[in-house]
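Engineer: Chain by chain, the residues run as shown.
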Amino acid sequence: MATPAGIIVISVLVVYFLAYIYYGKKILQEKVVKADPNRPTPAYTKYDGVDYVPTNKYVLYGHHFASIAGAGPIVGPAIAMAYGWFLPILWVLFGNVFIGAVHDYLSLMASVRHGGLSIMSVSENVMGRKARYIFLLYVYAALILVIAAFISVAAHLFKGIPNVATLAMIYMPIAVGLGMLMYRTGLSPRTSSIIGVVALFIAIAYAMKVPFYLPTVKIGGYTIDQYHLWMILLAIYSFLASVLPVWYLLQPRDYLNAYVLWSFVILGVLGGLIVLGKPLTGPAYTSFAPKIFSGVPTPFWPAIPLIIACGALSGFHSVVASGTSSKQLANELDALFVGYGGMLTEGAVSSFAVILPIALAWHQPDFPKLLKAVGGVKPETITGYVNGNILVLDKVRRFTFGYGYMLGKAFGSLTGVGPAMVKFAGMALASFILTTLDTAVRLGRFAWQEMFDWLEEKSRITYTIIANRYVASALAVIIGTAIAYPYVMIGGKAKPAYNVVWPAFAGTNQLLAALALLTAALWVYAVLRIRGGINWLIQVPAWFLWITVTTGLAWWSVKVLPKLPAVQKYGAGSLVLISLAIDFLLIYLFVEGLRRAAVTRPAVERR
Amino acid sequence: MPQNPAVRALGLAITLIGVLLMLYSFAVGPFRGHIGSKEAWTSDAISMIVGWYFIIVGPALYFGEAPAKIRKEVARKQGK
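For the record, the sequence lines run as chains A and B. This note's numbering puts the first sequence at residues 1 to 607. This note's numbering puts the second sequence at residues 1 to 80.
Calculated from the structure, these hints are not laboratory results. Predicted, not measured: the structure shown is a model, and the values here were computed from it. From the three backbone atoms N, C-alpha and C, an ideal C-beta is built for every residue, glycine too. Be a bit skeptical, because a hint or two may be false.
To be verified - No farther apart than 25 Å at their CA atoms in a straight line, the calculated lysine-lysine pairs in the BS3-like style are these: (1) K72/B <-> K57/A; (2) K38/B <-> K57/A; (3) K159/A <-> K69/B; (4) K493/A <-> K423/A; (5) K369/A <-> K38/B; (6) K372/A <-> K38/B; (7) K72/B <-> K209/A; (8) K38/B <-> K46/A; (9) K57/A <-> K26/A; (10) K77/B <-> K34/A; (11) K495/A <-> K563/A; (12) K38/B <-> K423/A; (13) K69/B <-> K458/A.
What the hints assert, rightly or not - Pairwise CB distance ranges (calculated): (14) V471/A <-> A9/B: 42 to 50 Å; (15) L16/B <-> G388/A: 33 to 41 Å; (16) E73/B <-> T191/A: 16 to 24 Å; (17) P30/B <-> R129/A: 53 to 61 Å.
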C-alpha cells in the first residue's frame, strides 16, 4: 500500500515543533548558552551604523533566512530523490535538528559572545592563533568561489529569464524605500512592511509582463555579450550593496524577500495538508547507491552531505550567522528564532516544497497534463515520464513541476493553478540565489578585514589602506568576477572558468560546516564549561559530521574525480587536496584545544 | 555625525534623478512590451540601469549612515 502524503507532513511538523521547543529552547538556549536578554550584544557595544546595527528580530530572521538559503535546499533534495523519499527526508530531519540548526545557532551565539567576530576568529580562543588564520584563509577562498558562482548564475538567469532582471531592477529600490520607511520615518515596522509587501507584489505582476533586455556591446573591437554585461553590472551592484549600511539595503531587501519565500513555504505546507490522504507514488526506498555523481554508484553514507547541503546543514551558514547576523542581533533571546528557527525553515523548504511534491508527483497519470500546460517540455521527456518517473526531468524541473503539481491538485486546477505555481516556484528559486550574492561579498570583506587585524596594531595606516571596507569589498568582487568572467573548455563545452574547481565546492563547504561545528562544540566545552550528557549531545553529531564529510570527500576523490574532464580533475582535485590538508591540520589543533580545555580553567570570554 | 550639507544635496539630486529615470523606463515598458533591446542600447535601458544605481546610492548619501532612531536606542541601552 502506498504511503499517504500526510505521513511526511505530520512527521516533519511534529519533529520541528519538538526540536525547537525542547532541544533549541530548553537545552541550547537555556542550559548551554544561557542566553541573557540583559547582556548587551555587539550590535550595541560596537554600534557603527554600517555593519553593527541592532535589528528587530523578524527583520533579522528575514535577512538570515534569505542569506543562508541559496539553491541548496532545493537542488540537493531534488537530486537525492534518486534514493527514494525516505532517506532524504530522514537526513533532512536528523541533519537539521542535531547538526544544521545547532551549527547555525552556536556559531551565531559564539560570535555574539566574541564581539561579533566570525566563527573562524572565535577558533583562536579555543584552538590557538594558527587555527584562526588557516580557517580565515580557507573561508575567504570559499567565499570567493561563492561570489564567482552566484554572479555567474545570476547573470545567466537575467539573460535567460529577462523578467527576473526586471524584478531585480524594481526590487532593490523598493527595498531601499522600505529601509527608509522603517528607519527614517515614524512608521511602524508593521505599516512599513505592508507598504513594502504590496509594492513588491505589484512589482512581481509588472515584471511578469515586461522583460528587461540588454544588448551585446562592442567597445574598441572587444565584444561584451549580454551574459558578461550582466556580470559587470552585478559586480558593481554587489560592491555598492556590500559597502552600504546593512539597515539601508541588505536588511530590508532580505526581509521583503522572506515574505516571498515564506509564501512559498506556507503554500507548500497548505498544499501538503490538503493532499494529506493522497498516496505518494514515489518509492520510499530505491537503492542505497543509485548512480548520482558522474554515473558512479553513490552510497547514501558518506556521500549524502555532498548532495543535500543547505536543507540539512551547510558551512556557509556559520559564516553568515557569525558574519552579518551576529552584528545585528539586538537581544540574545532572538538568536534562537534567527539561528535555530532559520535553519528549520530551510529544512521545511526541502521537506514541503521539494521532497514531498516530488514523491507525490513521481508517477501520476495526470502529471503530463501539467507538463503540456506549462509548455517548453520536449515530447520525449513527456514520454519518458509516462514510461518511467519524474527523474527524467532535470533537477530544477523536478522541483518546479513537482511543486506545481502538488498545489494544482490541492487547489483543484492542474492546468490553471498548476502552471502558475510552477512559475512561482522558479521565481522563488531565483530569489534564493540573488540574495546570497551581495551577502557573500560583505562576508568576504569581513573575512579579509579579520585576516589583517594583526596589522592594525603594527601600522594603522597600512591596515586602513588594505582593509578599509571599500578596498576589502572591491577585492572580493574583482577576484570573484575575474574567475567567473572568462570561459574555458571543460569536457568539450565552454563554461565559466570557476567551473574548473566548482565540483569540489560541495565537499569543501560541508567540511567547513564540520570544522565550524567542532569549533562551536569546543567553545561550548572549553569556554562555557558544559559537561555531561548535553556536551555529548553536541560533540557526537559534530564528530559524526566530520567523519562523514571527510570520508565522503575521500570517496569522491577516489571514485568521482577520475571521471571528470581533465581540467576539472586537476582543478577540483587540487582544491580537495588542499581542503583535506587544512582539515587535518585544524583537527589536530582542535584535539589539542580539547586536551587543554580538559585540564585548564575556563577561558575568559571576550566582549 | 550629521551628514555634510554638500553631500546631502548631492544625495538628494542623485535620488531625484534616479527616481525620474526609473519612472521613465517603467512608463515606457508596457507600451513596447519590454524594456531595452537585444540589438542596441535604448534610452529606457540606459535610464533603468543608471536610475537603479542612483537610487541605490543616492538616499545613502542624503541620509548618512546612522539613523537617529537607532542611535538614540543604542545610547539609551548603553546608558550614555
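Engineer: Taking the hints in turn, state whether each one holds.
Structural biologist: Outcome of the hint check:
Restraint check for K72/B and K57/A: satisfied, since their Cα atoms lie roughly 18 Å apart, inside the 25 Å limit. This hinted pair does not check out: K38/B and K57/A have alpha carbons roughly 43 Å apart, beyond 25 Å. Of the pairs offered as hints, the one joining K159/A and K69/B is violated, with about 41 Å between alpha carbons and a cut-off of 25 Å exceeded. About 29 Å separates the Cα atoms of K493/A and K423/A, which puts this hinted pair outside 25 Å; it is violated.
Distance check on the hinted pair: K369/A and K38/B sit about 34 Å apart at the alpha-carbon level, beyond 25 Å; violated. Distance hint between K372/A and K38/B is unfulfilled; the C-alpha atoms sit about 29 Å from each other, more than 25 Å. Straight-line distance between C-alpha atoms of K72/B and K209/A comes to about 44 Å, which puts the hinted pair past the 25 Å bound. For the given pair, K38/B sits about 48 Å from K46/A by alpha-carbon distance, which is inconsistent with the 25 Å threshold.
Distance check on the hinted pair: K57/A and K26/A sit about 20 Å apart at the alpha-carbon level, within 25 Å; holds. Between K77/B and K34/A the CA atoms are separated by roughly 21 Å; this keeps the pair inside 25 Å, and the hint holds. Taken as a hint, the K495/A and K563/A pair is honoured in the structure, with Cα atoms around 18 Å apart against an allowance of 25 Å. Restraint check for K38/B and K423/A: satisfied, since their Cα atoms lie roughly 23 Å apart, inside the 25 Å limit.
Between K69/B and K458/A the CA atoms are separated by roughly 37 Å; this puts the pair beyond 25 Å, and the hint is violated. Between V471/A and A9/B the beta carbons are some 27 Å apart, a value that contradicts the proposed interval 42 to 50 Å. Roughly 58 Å separates the CB atoms of L16/B and G388/A, a value that falls outside the hinted 33 to 41 Å. Judged by the Cβ atoms, the range 16 to 24 Å given for E73/B and T191/A holds: they are separated by roughly 19 Å.
About 60 Å separates the C-beta atoms of P30/B and R129/A, a value consistent with the hinted range of 53 to 61 Å.
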